[in-house]
Amino acid sequence: MKALKVIALPAVLFAGWWVLSAGSKDFYRPPLRTILVAFADTWFGARIADDVLPSLARLGAGYAVALVLGIAAGVVIGRHPAVRETVEPVLEFLRAVPPPVLVPILILVAGIGDLMKVLVIVSGCVWPILLNTVEGVRAVDGVLADTCAVYRVPPVRRMVLRAASPQIVTGARQALSIGVILMVISEMFAARSGLGFTVVQFQRGFQIPEMWSGVLLLGLIGVALAALFRLVERSVLRWYHGQRAAEKQH
1 MKALKVIALP AVLFAGWWVL SAGSKDFYRP PLRTILVAFA DTWFGARIAD
51 DVLPSLARLG AGYAVALVLG IAAGVVIGRH PAVRETVEPV LEFLRAVPPP
101 VLVPILILVA GIGDLMKVLV IVSGCVWPIL LNTVEGVRAV DGVLADTCAV
151 YRVPPVRRMV LRAASPQIVT GARQALSIGV ILMVISEMFA ARSGLGFTVV
201 QFQRGFQIPE MWSGVLLLGL IGVALAALFR LVERSVLRWY HGQRAAEKQH
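Residue numbers for the sequence shown follow full-length UniProt numbering, so the first one is 1 and each next one is one higher.
What the hints contain is simulated information worked out from the structure, not anything from laboratory work.
Virtual Cβ for every residue (Gly too), placed ideally from N, Cα, C.
Among the hints, a few may not be true.
[Said to hold, decoys possible] Have a look at the derived ranges for each label pair, beta carbon to beta carbon: (1) 33 - 69: 21 to 31 Å; (2) 6 - 235: 15 to 25 Å; (3) 82 - 14: 51 to 61 Å.
Sequences are here, hints too, so could you generate the full structure?
Following this line, the structure appears as structure tokens:
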């Protein structure tokens, strides 16, 4: 029943798209069946290795760096009020700068290779992770902290990170969707491969069904990454969900 609920709305939307576009003669809005044929011809082949895998590798690298930086800096800022007061104005300024605006600057600094694209992803993904980590660390129960101190439990690893993990995971989930967007944007500038580059090339070459197939592939990748993240979240926060379930029973 749960699986049926998950696929019901996508199935209805997909069927509606198929029916409503079936008789389309519009060059820019081809029928779904044409897009699916182009999807199979375009992406079931060498483009997987040439474009899809490099894009996912850049996304993975940028996301991993953002996780490490965001959590490490968030713990320090959240645990030390003096540090928070010192860096808060700078953080607010940097957070307000849209990551796509940094692309020309990063091209000048890092060139047009993979490093620039990874840095663009990091520049957008780090903020939701950092800010949620700070708030999660600040919200740690003082009684819990005192108890850990009495029993000499390592505070950061066993208490702070565990107590803040629900909010850290929330920030990581937000960062993942931002990372996919920035992955595409970074590949639209001075790139030679990647999903963003390929979709733009199809658009410039008026290969409209192929362009739509690229958009469809990006959506499917987003769904797959969200499902994978949900599995990781369920494993990391097993204790939290168990605690919530126990509270509901009482």
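Right, here's what the structure says about each hint:
Look at residue 33 against residue 69: about 45 Å separates their beta carbons, and that is not inside 21 to 31 Å. At about 19 Å, the CB distance of residue 6 to residue 235 agrees with the hint of 15 to 25 Å. Taking the beta carbon of each, residue 82 and residue 14 are about 54 Å apart, inside 51 to 61 Å as hinted.
The structure does not agree with numbered hint 1 stated previously, though it agrees with all others.
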